[in-house]
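Asker: Spelled out from the first residue to the last, the chains are:
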Amino acid sequence: MSHFTTIRTQITDTDALIKALADVGFNEVEVHQTAQHLYGYQGDQRSQTAEVIIRRQHIGLASNDIGFKQQGDGTFEAIISEYDRKKYSQQWLERLTQRYAYHAAVAKLEEQGFTLNTEEVEEGGRIHLVLRRMA
Amino acid sequence: MINSRLRLHAFIAESRANGPGVRAVIWMQGCTLGCPGCFNPETHSFNDGEETTVNDCFQRISAVSSRIEGLTISGGEPLQQLRPLLALLQRVKQETDLSVLILTGYTWDEVRRMAEADELLACADVLITGRYDQERRLARDLRGSANKIAHFLSERYDAGDLQAVAPAEIIISAKGDVVMSGIDPMRW
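Residue numbers (the numbering used here), protein chains in the order written: chain A, 1 to 135; chain B, 1 to 188.
It is possible that part of the hints are untrue.
Result set (DSSO-like, lysine-lysine): computed pairs, CA atoms no more than 27 Å apart in a straight line [claimed, not checked]:
{"#": "1", "chain 1": "A", "residue 1": "K19", "chain 2": "B", "residue 2": "K93"}
{"#": "2", "chain 1": "B", "residue 1": "K93", "chain 2": "A", "residue 2": "K108"}
{"#": "3", "chain 1": "A", "residue 1": "K108", "chain 2": "A", "residue 2": "K86"}
Computed spacing ranges between beta-carbons, pair by pair [to be verified]:
{"#": "4", "chain 1": "A", "residue 1": "W92", "chain 2": "B", "residue 2": "E95", "range": "28 to 34 Å"}
{"#": "5", "chain 1": "B", "residue 1": "M114", "chain 2": "A", "residue 2": "Q91", "range": "47 to 53 Å"}
{"#": "6", "chain 1": "A", "residue 1": "M134", "chain 2": "B", "residue 2": "S4", "range": "42 to 48 Å"}
{"#": "7", "chain 1": "A", "residue 1": "R46", "chain 2": "B", "residue 2": "S4", "range": "37 to 43 Å"}
{"#": "8", "chain 1": "B", "residue 1": "G21", "chain 2": "A", "residue 2": "A107", "range": "41 to 47 Å"}
{"#": "9", "chain 1": "A", "residue 1": "A107", "chain 2": "B", "residue 2": "S62", "range": "57 to 63 Å"}
{"#": "10", "chain 1": "B", "residue 1": "F46", "chain 2": "A", "residue 2": "G25", "range": "46 to 52 Å"}
{"#": "11", "chain 1": "A", "residue 1": "Q90", "chain 2": "B", "residue 2": "A63", "range": "53 to 59 Å"}
Which chain B residues stay away from chain A? Per the calculated CB distances, all over 12 Å, these [what the hints assert, rightly or not]:
{"#": "12", "residue": "R5"}
{"#": "13", "residue": "S62"}
{"#": "14", "residue": "P78"}
{"#": "15", "residue": "P84"}
{"#": "16", "residue": "K93"}
{"#": "17", "residue": "W108"}
{"#": "18", "residue": "V178"}
{"#": "19", "residue": "S181"}
Just so you know, the hints here were simulated from the structure itself, not pulled from any lab data.
Positions of the beta carbon are idealized from the N, C-alpha and C atoms, including for glycine.
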């Protein structure tokens, strides 16, 4: 039989997250070994901390920092203020997750001896990757 | 109407690693063959998956028929739902130009002994037969193991067409969910 597996993507890999953030327009991203405080739009330090941070100056004048805080199980959870969720909504998070999955997949396929043969964006925005075994 | 209901594990509308060209793929739910090392064990139970109708399956295929070359039936063990599967395949053959490729764990001789064998073989362009044998893992040309045999039942395809099939694909939805498929899939 041919194989079928479906996975709900969880963000765990920092490198793939940084590449995904670049894909959605954020090239200036801080990465810290230990979580650092986020700051609000008035420069006020927030109680929230995160390992991966987009500082507010790269987001917008009235924006707060956006963070990605690593949880006990290794997954990153987005910290986005209520104000910024108007723009960086669930739809934005889904787009980010798709780009994350793409970069995570590309990294894994090379580790497992595959090459990327074709890549297409299909109806509905699906990304379709076809793999071949390395010769 | 037992002949009109199918239990499915999964459906992909447009696959590029489950047969020649772009194909819809149905993974049937339920299998009692118990091949050691089977890599779809979650397809074995007849209580899981989605119960649906032949008509619903046909409509899903029909909706994408202009974008695909054929239909692949995998599992699970498709021939353990033979009567409703036949009803579906007969509609596909009568109402579309799609090719049909079926993967089964039964051997050719076992298939031939089934009462509906002639009807089934009349609906299929390719039938790949035989239990998965993990000691003879092949994972290419749509054959999981080297003992599996591809039977070409029409002029539509030959061995070269199966050799050209990509071993793996990844489909990432707009929400970021990942589907991995193929005869030699990537592991997440």
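Asker: Hint by hint, say whether it matches the structure.
Answerer: To see whether the hints hold, each was checked on the structure:
no.	hint	in the structure
1	K19/A - K93/B	violated (46 Å)
2	K93/B - K108/A	violated (39 Å)
3	K108/A - K86/A	violated (34 Å)
4	W92/A - E95/B: 28 to 34 Å	violated (42 Å)
5	M114/B - Q91/A: 47 to 53 Å	holds (50 Å)
6	M134/A - S4/B: 42 to 48 Å	holds (46 Å)
7	R46/A - S4/B: 37 to 43 Å	violated (59 Å)
8	G21/B - A107/A: 41 to 47 Å	violated (29 Å)
9	A107/A - S62/B: 57 to 63 Å	violated (38 Å)
10	F46/B - G25/A: 46 to 52 Å	holds (48 Å)
11	Q90/A - A63/B: 53 to 59 Å	violated (27 Å)
12	R5	holds (21 Å)
13	S62	holds (16 Å)
14	P78	violated (9 Å)
15	P84	holds (18 Å)
16	K93	holds (21 Å)
17	W108	holds (16 Å)
18	V178	violated (5 Å)
19	S181	violated (5 Å)
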